[in-house]
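Undergrad: Chain by chain, the residues run as shown.
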Amino acid sequence: MQTRFRSLVSGFLESVERFPNRTALVVDNESLSYSDLHQCVCRIASAIHENEREAFPYVAVWAHRSQTAYAGVLGAIAAGKGYVPLNPKFPLERTRRMLALSGCTVLIVGKECLPQLPGLLQTVDRPLTVILETPDILPNLLSQNSHHQFIFVEQVRDREGFSLREGATPSSLAYLLFTSGSTGVPKGVPISQGNVWAYVDYICRRYEVNEHDRFSQQFDLTFDLSAHDMFVCWERGGSLHCVPEKSVMAPAKFIRDHQLTMWFSVPSVAGLLMKMHLLSSNCFPSLRYSLFCGEPLPASYAQSWQEAAPNSVVENLYGPTEATIAIAHYRWEAENSFEDCVNDIVPIGQVFEGQQFRVTDSRGESVSFGNPGELCLSGSQVATGYWNDPEKTKKQFVRLPGADDQLWYRTGDLVRQGAKGNLCYLGRTDQQVKIRGYRVELQEIEAVLRRACGTDQVVSVPWPVRNGSAEGVVAFVSGLKALDQRHILAICGDALPDYMVPKKIYLVDELPLNPNQKIDRGKLSNLLEGVA
Amino acid sequence: MRAVAEQELIHMVIDWVKENGLNDASRAQVSETTNLLESGILDSFAFVDLVLFIEKCTQKKLDLVDANPEEFTIVKSLCHLALQNGHK
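Those protein sequence lines, which keep their order, are chains A and B.
Here the numbering used here runs 1098 ahead of the position in the first sequence, where the first position is 1.
Here the numbering used here runs 509 ahead of the position in the second sequence, where the first position is 1.
Misleading hints may appear alongside valid ones.
Below, computed lysine to any residue pairings styled on SDA-like, alpha-carbon distance capped at 25 Å [what the hints assert, rightly or not]:
1) B:Lys-527 x B:Val-557
2) B:Lys-570 x A:Glu-1405
3) B:Lys-527 x A:Val-1563
4) A:Lys-1621 x A:Lys-1209
5) A:Lys-1601 x B:Leu-561
6) B:Lys-569 x A:Glu-1405
7) B:Lys-570 x A:Pro-1216
8) A:Lys-1373 x B:Lys-570
9) A:Lys-1187 x B:Glu-580
10) A:Lys-1601 x B:Lys-569
11) A:Lys-1351 x B:Lys-527
12) B:Lys-527 x A:Ser-1280
13) A:Lys-1187 x B:Asn-577
14) B:Lys-585 x A:Glu-1405
15) A:Lys-1187 x B:Lys-569
16) B:Lys-527 x A:Tyr-1604
17) A:Lys-1601 x A:Asn-1614
18) A:Lys-1532 x B:Glu-580
In case anyone wonders, no lab produced these hints; they're calculated from the structure.
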C-alpha cells in the first residue's frame, strides 16, 4: 500500500531534522553530515531562486562524483526544479546537445568540469546562469563569456528566511534523463516526483531502509539508477558513499573499507570482480542487500555474489528509464533459483506491488500465459511521454485493447511469464542493446558512422556478447576503397560516449543481407566469431 | 616452467596493451608508469583480459583483494603485485 505522496526534498529535510549530525554523504574522502549537506543545498537552491533569468522547470547539473554533484541535485529539487544530469565523461558535443535539448538556462558546474567549461560556454548561444562553487576559476572565463551570468555558491549568503520547496505535487518534475535515440539524437525522459516517490516509498518499505544503512553510489548521475542511491538513502537518514572513479571497476576494497550495507550496481561489476578473484567467500559480511539492475544477471554472478555476501539478500531488479529506476524484482535463492533461470539468466521476476504489466503481441493484445510477447508497463512509476517529442511518445506510450484510457509504456523487451509467475527476459524487439548497463540504440552509432565515413553502408554490431550482455560494439563499413580508422574513430569519440564508440571498424566488400533484404547482423556476428 | 622476471613481465604487458588497447593515440605512448584505466587505454573488460594474460604469463593467480585500485591500474605496480602476491 503506497504511502501518501510527499516531495523528494521532504524526506531529506526530515532526515536533516532527525539526524543533523549523522553522515549524509561521503565523497572525495570528505564526510558531510546532514546538517552540512543541508547548508550546501540551501545555498544552491537560493542561488537558483534569486538568479534565474526566466522561469524554467529544469536546472542542469554538470558535475561528477563531487560534493557539488549531490548538493546540486538536491539544490535543484529544493528550488522547485527538476535536474538534468550532464556527464563530464561524455564528449562536449553530446553535453552541448543535451543542454540545448533540455532548454535549461541554469547550469550548476562542479570544479571537476572547469577545464571543459570554456569549450562548452563558447558553443552555447543563449545566455546561461552558471552556478560555480568559488570565484577561484579559470583566468579570462568571465571576460570571454560576458553574455553568461556567473554566480558563486561560496558568496551566496545563508538565507534563514529562504524556504525550500516542499510544496511539490506528484506531477512536479524530478529529473530529465537523456538516453540513446534511434534517430541519432538522444531522447529525453521526464520523470516526475510522483514517479520517483512511488519507487522510493516502495523500496524503503521492502528493504526496511533505516538511518544505519550505508549505501553505495556507483552509478554516474546520467544513469537513472543513481536516483535510487540518493533518494532512497536520504529518505531514511542513511549515508551515501560515493565510489571514486578509480574504484568503480573493482570496488571490493571500497565495500569493505566503508562497511556498506546496501549495494547497487550493474551485474557486469559482479562479473569483473569474479574474474579478478575478488568475490571470495564471506568477503562482504556487512552487506544487507545486494541489488543488480541495468542488464541481464547471469545465475553464476548471483550465486558468487551471494557466497561473497552471505548476510545479504541478492535481488535482480528490472526497469527501463521510462518506468523510473526499476519496476520488477526477483529474489535470488540458491536452492531454487537455478531452475527459474532461462539460458542461465536470472528472471526479471514480479512487477512491484501497485504497478501493472501486460505481455502483448504486435497488436497490443495480451498473449496467453507462458507465451512470449512485449512487456508493457503502467502505473504510478511510469512516465507519460518523451520530452518535446510527440511522435516518439505516440509510438511508445499507448492505449491497449480492453484497458480503457490507461496509458501503457511499450518497453520493447521480449519476455515470457514462467510457471511461478516470474517474468523472464528473452531479448529485444528492436536494435537496442545494453553496454555496461547503458541503453544504446545501434542506429545512433550508425548515424555518426555514416557522417564520419561519408557512406550509408555502415552497420554496428554488439560485440563481444558474454553472459547475455554486450561489452562493446564493432562496426562494418562497405562502399569505400580505403578506411582511415583512426580518423573515423576520432569523429565517433567526439560525438559519442566511450561505451558507444566502436572498438574496431572493418571494411568489407559488401554488407550481407538476409532473405528480407535487410542487413544480416547475425552473419556479421558469426564473422566476428571467426576472427576471435 | 621458467619464472618470469618483473622487467620482462612489464615488457610483455606493454606489448599486450599496445596490441589490445582501445585508444590508438594513447596506447602508442604506454609505458610502465601509465595508468591503464585513467588514460582510457583499457576499459574494465579489457583490464580483466589483461589480468588473465598476466596470470597466464606468471602461472599464478593475481591476488588483488587488498590492493588499492590506484596501485593495480598502473603497469609497473600491477606487474609487481602479480609477482609478489600471486598464488598458484
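Undergrad: Next step is simple, just say for each hint if it's right about the structure.
TA: Verification of the hints:
Restraint check: the Cα-Cα separation between B:Lys-527 and B:Val-557 comes to about 16 Å, which is no more than 25 Å; the hinted pair holds. With a C-alpha separation of about 20 Å, the suggested pairing of B:Lys-570 with A:Glu-1405 holds against the 25 Å cut-off. Simply put, B:Lys-527 and A:Val-1563 have alpha-carbon atoms about 23 Å apart, close enough for the 25 Å limit, and the pair holds. Distance hint between A:Lys-1621 and A:Lys-1209 is unfulfilled; the C-alpha atoms sit about 47 Å from each other, more than 25 Å.
Proposed proximity of A:Lys-1601 and B:Leu-561 is supported: the alpha carbons are some 20 Å apart, at most 25 Å. For the hint linking B:Lys-569 to A:Glu-1405, the alpha-carbon distance of about 23 Å falls within 25 Å, and the restraint holds. Between B:Lys-570 and A:Pro-1216 the CA atoms are separated by roughly 47 Å; this puts the pair beyond 25 Å, and the hint is violated. Between the alpha carbons of A:Lys-1373 and B:Lys-570 the distance comes to roughly 11 Å, so the proposed pair stays at or under 25 Å and holds.
Annotation: proposed proximity of A:Lys-1187 to B:Glu-580 holds, straight-line Cα distance about 22 Å (limit 25 Å). Proximity of A:Lys-1601 to B:Lys-569 is assessed by CA-CA distance (about 29 Å); at most 25 Å being required, the pair is judged violated. The straight-line distance between the Cα atoms of A:Lys-1351 and B:Lys-527 is roughly 29 Å, outside the 25 Å bound, and the hint therefore fails. Among the hinted pairs, B:Lys-527 with A:Ser-1280 is inconsistent with the structure: their alpha-carbon atoms are about 34 Å apart, more than 25 Å.
This hinted pair checks out: A:Lys-1187 and B:Asn-577 have alpha carbons roughly 23 Å apart, not beyond 25 Å. The hinted pair formed by B:Lys-585 and A:Glu-1405 fails the criterion: a straight-line CA distance of about 32 Å is larger than 25 Å. Our distance criterion of 25 Å between C-alpha atoms is broken by A:Lys-1187 and B:Lys-569, whose separation comes to about 35 Å. Proposed proximity of B:Lys-527 and A:Tyr-1604 is supported: the alpha carbons are some 19 Å apart, at most 25 Å.
Taking the CA atoms of A:Lys-1601 and A:Asn-1614, the gap is near 28 Å; set against the 25 Å cutoff, the hint is violated. Between A:Lys-1532 and B:Glu-580, the direct Cα distance comes to roughly 30 Å. Violation of the 25 Å bound is thereby established for this hinted pair.
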